[in-house]
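Could you build all of it, start to finish, from the sequences and the hints given here?
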Amino acid sequence: MSEILYRILIQGGSYKVIFNGLLATLRISCFSLIIGTILGALICMLRMSRVKVFKFISSVYILILRGSPVLMLLMLMYYGIFARSSLEAETIAVITFSLNVAAHIAELLRASIDATDYGQVEAARTLGFSAWQAFRLVTLPQVIRIAKPVYQSTTINLIQWTSVVGYVSITDLTRVINNIASRTMQPMITIIIGMLIYLGLAYIIHGIFALSDYLQTRREEAA
Amino acid sequence: MKKFLLVLAILLVTSSAFADDYVGFLSRLKTTPDEFFMMMKNSWSTGGWVILGGDHSSSKARFYDTLTQMQLALNSGEIDEMILPDFVADYLLKINYNYSRCCISSSGKMGLCFGFMKENAALRDKWNEALSSMLNDYSLIGLAYKYVKNIPEDESYDEIYGINRKQLNKEKRIKFEHFKDAPTVKVAVTGDLPPVDFIGEDGLPAGYSVAVLAEIGRRLHVNISIINVNAGARTAALVSGRADIVFWYEINKSLSVQPDVPDEVILSMPYLNWDKFFHVTLSDTE
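First to last, the sequence lines map onto chains U and R.
First residue of the first sequence: 56, per the working numbering; consecutive thereafter.
First residue of the second sequence: 754, per the working numbering; consecutive thereafter.
Worth double-checking, as some hints may not be accurate.
Restricting the straight-line Cα-Cα distance to at most 30 Å, the calculated cross-link-like pairs of lysine-lysine (DSBU-like) are [what the hints assert, rightly or not]:
(1) U/Lys71 with R/Lys902
(2) R/Lys879 with R/Lys939
(3) R/Lys847 with R/Lys923
(4) R/Lys925 with R/Lys899
(5) R/Lys1029 with R/Lys813
(6) U/Lys71 with R/Lys939
(7) U/Lys71 with R/Lys923
(8) R/Lys1029 with R/Lys847
(9) R/Lys939 with R/Lys923
(10) R/Lys1006 with R/Lys879
(11) R/Lys847 with U/Lys71
(12) R/Lys871 with R/Lys939
(13) R/Lys1029 with R/Lys783
(14) R/Lys862 with R/Lys919
(15) R/Lys925 with R/Lys847
(16) R/Lys847 with R/Lys794
(17) R/Lys862 with R/Lys1029
(18) R/Lys847 with R/Lys871
(19) R/Lys928 with U/Lys71
(20) R/Lys919 with U/Lys71
(21) R/Lys813 with R/Lys1006
(22) R/Lys899 with U/Lys71
(23) R/Lys902 with R/Lys794
(24) R/Lys925 with U/Lys71
Since the hints were made in silico from the structure, they are not lab data.
In structure tokens:
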């Protein structure tokens, strides 16, 4: 057993290749999450605006992007829309995952805003707050609190979705694990190792969110 | 509730007792598993399918995109045998002792080829010229011996046979020459078919096909750029122009319709020939 593990993890610098794969997964996930969150907030704004055209466009966007498998979108982007462009595969993956996760985040934000009490905003406005101040000081803190748990699972989901980038020539963690499984002909053990690494990532994300919750509670208690 | 469980248990027992035998193949793009299996069996009439050992008259077939998936299916009992080209099975049996060979079959001469788009026929012809010259000066056979036949057993035998694995790996490392101002040919590899096509410990493409590519590049004075894609995206890479060449496509010389080759794809001459399939099963299933 130890010999097999040595062959999978260490021999010939295999761990470096696994680490590089892990970095690729993290790079794609991080950039997609950041861009996706900003884009998602914009789409949510359009979705909740009073202008019907904006509302319609954003609804259609959410419907298409949430309703289609991200692998299909990725293949379409890489082998179709950007086939002749000189953009790197990783950039195309970040664009695709940002577009996809933005649709999810837009819906998540909308649901969170709907869950807050609009009466509080009205009360704030009568007290002389501007619309922006009412949003920033009354609605936003509540939205963050409501959205946080779902945002956490969206983040973890995003990391797992990126495991399909092997289809567009990116050597991410899953691709590295598959390559090692093929070379060593030990699929079971290699896949378990891959799963443990993904599980570790999920727990790190969980830890980050738990830490931010803890800090927030402490801040509130101090105030 | 008890009755329900009893019926369920009986159903499970009977279904497993009368379950069909399944064999696994690597996916072919233009046919279904059972059609493909039938095609191979039928090629017997043209002197193709011959089998030594095992009764496969009622066996059904399943396709798997990668060898890894097929191995998992064998481990879980989803299939009873993996039918693999002899050189792939040889590699597997040498480095994983959980498997053994249960029988050998043949369905005529098979070959591994590089795939090109139809409009890329000029490149294909140049490729064929290089392959022919490699065949004539025996360098193709030399590479096949080095990368396909000469695979050492598990490391525990190294001392007995006096194998220096580091030295061997060093000798097998493939170097691509870079030519200034020369055109670049993009090749998609899957890394799923050792010892012909796999990704080495250093994360770089390795194996016989890659060695052949490096040699062709040297002879034609072109730069080779390799991308690693999943087996399922091979044809998409070729059609979209992300890759000029894809390996591998398999041909069966005794069949008029090639089950692994899409209509828009043309092939180079085969650079590896074989005529035997090894049926691999779990060692303890006796």
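Status of each hint after checking the structure:
1. A distance of roughly 29 Å separates the Cα atoms of U/Lys71 and R/Lys902; the hinted pair therefore holds under the 30 Å criterion.
2. Straight-line distance between C-alpha atoms of R/Lys879 and R/Lys939 comes to about 15 Å, which keeps the hinted pair within the 30 Å bound.
3. Proposed proximity of R/Lys847 and R/Lys923 is supported: the alpha carbons are some 20 Å apart, at most 30 Å.
4. The hinted pair formed by R/Lys925 and R/Lys899 meets the criterion: a straight-line CA distance of about 8 Å does not exceed 30 Å.
5. Distance hint between R/Lys1029 and R/Lys813 is fulfilled; the C-alpha atoms sit about 20 Å from each other, no more than 30 Å.
6. The straight-line distance between the Cα atoms of U/Lys71 and R/Lys939 is roughly 26 Å, inside the 30 Å bound, and the hint therefore holds.
7. Distance restraint check for U/Lys71 and R/Lys923: the Cα-Cα separation of roughly 18 Å lies within the 30 Å cut-off, and the hinted pair is therefore satisfied.
8. Between R/Lys1029 and R/Lys847, the direct Cα distance comes to roughly 17 Å. Compliance with the 30 Å bound is thereby established for this hinted pair.
9. Our distance criterion of 30 Å between C-alpha atoms is met by R/Lys939 and R/Lys923, whose separation comes to about 25 Å.
10. Straight-line distance between C-alpha atoms of R/Lys1006 and R/Lys879 comes to about 22 Å, which keeps the hinted pair within the 30 Å bound.
11. Only pairs whose Cα atoms come within 30 Å are accepted, and R/Lys847 paired with U/Lys71 is accepted, the gap being roughly 26 Å.
12. As the CA atoms of R/Lys871 and R/Lys939 are separated by approximately 16 Å, the hinted pair is consistent with the 30 Å bound.
13. The hinted pair formed by R/Lys1029 and R/Lys783 meets the criterion: a straight-line CA distance of about 22 Å does not exceed 30 Å.
14. As the CA atoms of R/Lys862 and R/Lys919 are separated by approximately 35 Å, the hinted pair breaks the 30 Å bound.
15. About 18 Å separates the Cα atoms of R/Lys925 and R/Lys847, which keeps this hinted pair within 30 Å; it holds.
16. In summary, the hint linking R/Lys847 to R/Lys794 is supported, as the alpha carbons are separated by about 28 Å, within the 30 Å threshold.
17. The straight-line distance between the Cα atoms of R/Lys862 and R/Lys1029 is roughly 8 Å, inside the 30 Å bound, and the hint therefore holds.
18. Taking the CA atoms of R/Lys847 and R/Lys871, the gap is about 39 Å. The hint is violated against a cut of 30 Å.
19. At most 30 Å may separate the alpha-carbon atoms for a hinted pair to count; R/Lys928 and U/Lys71 meet this at roughly 20 Å.
20. Distance restraint check for R/Lys919 and U/Lys71: the Cα-Cα separation of roughly 18 Å lies within the 30 Å cut-off, and the hinted pair is therefore satisfied.
21. Distance restraint check for R/Lys813 and R/Lys1006: the Cα-Cα separation of roughly 23 Å lies within the 30 Å cut-off, and the hinted pair is therefore satisfied.
22. Under the criterion of a C-alpha separation no larger than 30 Å, the hint pairing R/Lys899 with U/Lys71 is consistent with the structure, at around 27 Å.
23. Among the hinted pairs, R/Lys902 with R/Lys794 is consistent with the structure: their alpha-carbon atoms are about 27 Å apart, no more than 30 Å.
24. At roughly 20 Å between alpha-carbon atoms, R/Lys925 and U/Lys71 fall within 30 Å of each other, so this suggested pair holds.
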